[in-house]
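Number of protein chains: 2
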Amino acid sequence: MSDGLVNRQIVLKSRPIGAATVDNFELVRTPVPSLASGDGENAAGQVLSRTLWLSLDPYMNVRIRGKTYAEPVPIGGVIVGRTVGRVIESRHPDYAPGDIVLTPGGVPGWQDYVVSTPERKVDPSLGPISTALGALGMPGKTAYVGLLDIGQPKAGETVVVSSAAGAVGSLAGQMARLRGARVVGIAGGPEKCRYVREELGFDACVDYRAADFAEALARACPKGIDVYFENVGGDVLQTVWPLLNDFARVPVCGLLAEYDDMSPRPGPSMRSVLNKRLTLQGFIVSDPAHLERTGDFLRDTSSWLRQGQVTLRQDVVEGLERAPEGLVGLLAGRYSGKLVVRVAE
Amino acid sequence: MSDGLVNRQIVLKSRPIGAATVDNFELVRTPVPSLASGDGENAAGQVLSRTLWLSLDPYMNVRIRGKTYAEPVPIGGVIVGRTVGRVIESRHPDYAPGDIVLTPGGVPGWQDYVVSTPERKVDPSLGPISTALGALGMPGKTAYVGLLDIGQPKAGETVVVSSAAGAVGSLAGQMARLRGARVVGIAGGPEKCRYVREELGFDACVDYRAADFAEALARACPKGIDVYFENVGGDVLQTVWPLLNDFARVPVCGLLAEYDDMSPRPGPSMRSVLNKRLTLQGFIVSDPAHLERTGDFLRDTSSWLRQGQVTLRQDVVEGLERAPEGLVGLLAGRYSGKLVVRVAE
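As given, the protein sequences belong to chains Y and C, one line each in that order. The first sequence begins at 1 in full-length UniProt numbering and counts up by one. The second sequence begins at 1 in full-length UniProt numbering and counts up by one.
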């Protein structure tokens with residue numbers, strides 16, 4: 001069905017030492033896979049899709065480094081990533097050619113054609129199909145589960161969100177506002193802080209690159225911090241730590257500032273965990289424990305989006321070949337909102 | 001009513017630098033207080049009790065140091081501590097002279113006569129009245145709430161308890177066994193380890209003072225650790241940390257090994273919190289959040305005690321004047337089980 005067509009793939013050429021660069025990646029050309037050519041058992045339940053959109057997300061930085069809670073990408077392997085694609089060929093009873101599908105985040109998605117058991121169909125009537133990679137996808141559910149289920153903010157409490165201009169952070173902060181909390185973002189640079197305050201409606205946003213970061217954060221949180229939605233770790237965490245109130249909750253969603261460390265750095269003192277009765281909880285949205293929340297998440301978040309109570313900016317990288325550049329820029333903090341690659345129309 | 005009698009008190013002479021010693025304490029003699037001599041408003045709701053038993057507990061080490069989640073004991077102030085006493089005089093409608101009462105842990109209890117609003121009556125028909133300071137008191141409820149509500153062990157999981165020969169640890173481990181978990185204690189020295197294994201029925205107990213502690217702990221936990229009931233912190237925590245399984249829970253109940261530090265030491269890496277989706281939760285049993293569990297705790301634990309499914313050794317220090325020596329010994333790890341001072345018959 002796809003004979004003669006070329007499948008462009010982006011593979012891992014070398015593991016990053018320090019920050020990832022475009023030289024860690026390589027574009028290769030292979031024949032387009034065909035389910036028909038696979039043996040029956042392997043192909044059963046699988047779908048071949050033409051990639052339309054590819055999601056770029058911070059977790060990819062962990063997967064290409066090989067020190068991870070999940071399977072690392074092997075050298076020479078296609079980088080993993082969620083895609084929205086159009087079904088070309090199907091051996092799965094739920095999917096037919098022409099359907100729009102979301103492929104899972106653990107499947108090699110940095111390519112023109114993906115073989116997978118899709119996560120689900122994407123309903124184009126809910127909005128642009130690329131939102132399945134953003135507000136109605138993994139970043140949205142990460143914010144929803146981490147903030148609401150683990151953070152459990154109450155009206156009047158103070159919620160601080162790091163990486164506040166990013167996809168997960170910007171959604172988590174807006175959801176906290178909907179719960180009646182005072183929401184303070186942390187972001188890099190005045191432009192991102194302005195965006196977080198003015199476009200996302202956070203009560204305040206503090207620039208972690210500014211010389212007076214610690215003082216500014218304390219001023220923005222006069223009643224201390226009840227929930228800290230942790231996306232970055234490192235120095236930002238050290239600055240947040242003394243401001244945590246008794247019984248504060250810290251959903252640990254990501255550690256952007258620590259992924260490039262070659263060995264783990266020590267964490268904050270256990271004495272505060274005890275004295276302040278803190279709860280720290282690491283989570284990964286794809287864990288089975290969070291599966292049951294998918295229905296609630298889609299119902300609530302699509303309603304918030306329709307009513308304009310939550311928004312998510314989308315930045316688009318044009319062309320699969322520019323995905324490495326996009327990811328490097330994402331990790332360097334050059335984007336706000338959700339970053340996606342337009343692979344094909 | 002108590003005119004002419006002497007009230008012996010043990011007061012804080014100086015704050016410990018490093019480990020507490022008996023020289024940090026001083027015995028003073030004062031007149032016995034009388035509720036009648038207090039002004040009406042202050043005395044209302046209060047009870048004067050003759051101290052029979054005084055509880056010695058690790059939290060006292062925190063209160064006398066002045067770096068604490070609760071009010072520190074002032075220099076010259078009577079040391080705080082729970083007592084079981086007999087009511088001498090009452091301005092509280094629920095208590096009458098002759099009643100046996102439990103006085104709260106935040107009230108100065110290192111004295112022959114205590115003025116307090118009692119926490120509750122002690123029912124002598126449930127067992128020796130001193131158990132209100134042990135298995136049916138604060139240590140018992142600490143184990144119950146920390147292990148069951150925060151640790152949430154499941155049958156077949158591995159639970160590790162530090163300070164396993166202590167009051168809280170020995171109860172927490174026995175409760176975990178009742179839940180069907182494999183229970184591994186950590187204690188100091190071969191005699192305590194034998195006690196934990198043979199008398200408390202833990203599946204294994206590892207000596208943290210032994211040269212091969214890390215290897216022995218790993219051998220005792222072939223399937224890793226699902227719940228770590230944290231009483232000590234420090235090096236023991238560092239040794240436990242790499243053995244924690246994905247989704248492990250760490251109720252942080254105490255940090256015995258860290259209280260003497262003059263500044264907080266760094267904690268374990270946040271990277272593991274994220275990668276392993278750990279939950280760390282500090283708790284203090286007297287927090288209002290745990291109040292509602294008192295009924296369940298008393299019902300379950302008294303039944304376990306009656307049926308011999310849970311036991312708690314009681315060590316007795318004879319005489320109020322020896323309380324400082326008892327506390328210093330407790331903090332140095334010289335006791336197993338619950339340590340109490342017999343103040344009067």
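Possibly wrong hints are sitting among the right ones.
No copy is singled out in the list; a pair is fine if it fits within one copy or between any two copies.
Said to hold, decoys possible - Below, computed lysine-lysine pairings styled on DSBU-like, alpha-carbon distance capped at 30 Å:
#1 LYS121 / LYS154
#2 LYS223 / LYS154
#3 LYS13 / LYS223
#4 LYS154 / LYS13
#5 LYS121 / LYS223
#6 LYS13 / LYS121
#7 LYS276 / LYS154
#8 LYS13 / LYS276
Quick caveat, the hints were computed from the structure, so don't treat them as lab data.
Verification of the hints:
1. For the identical chains of this complex, LYS121 and LYS154 are neighbours neither inside a copy (34 Å) nor across copies (36 Å), given an alpha-carbon limit of 30 Å.
2. Within a single copy, LYS223 and LYS154 get their C-alpha atoms as close as 14 Å, which meets the 30 Å cut-off; across copies the closest is 38 Å, which misses it.
3. In this assembly of identical chains, the alpha carbons of LYS13 and LYS223 never lie at most 30 Å apart, being 49 Å within a copy and 36 Å across copies at closest.
4. Taking the shortest alpha-carbon separations for LYS154 and LYS13, neither the intra-copy value of 47 Å nor the inter-copy value of 44 Å comes in at or below 30 Å.
5. In this assembly of identical chains, the alpha carbons of LYS121 and LYS223 never lie at most 30 Å apart, being 45 Å within a copy and 39 Å across copies at closest.
6. Neither within a single protomer nor between protomers do LYS13 and LYS121 lie at most 30 Å apart by alpha-carbon distance, with minima of 32 Å and 72 Å respectively.
7. In the homo-oligomer, the alpha carbons of LYS276 and LYS154 lie at most 30 Å apart both inside one protomer (18 Å) and across protomers (27 Å), since each shortest distance falls under that limit.
8. When the C-alpha separation of LYS13 and LYS276 is checked against a cutoff of 30 Å, the pair qualifies only between copies, where the shortest distance is 28 Å, while the shortest distance within a copy is 46 Å.
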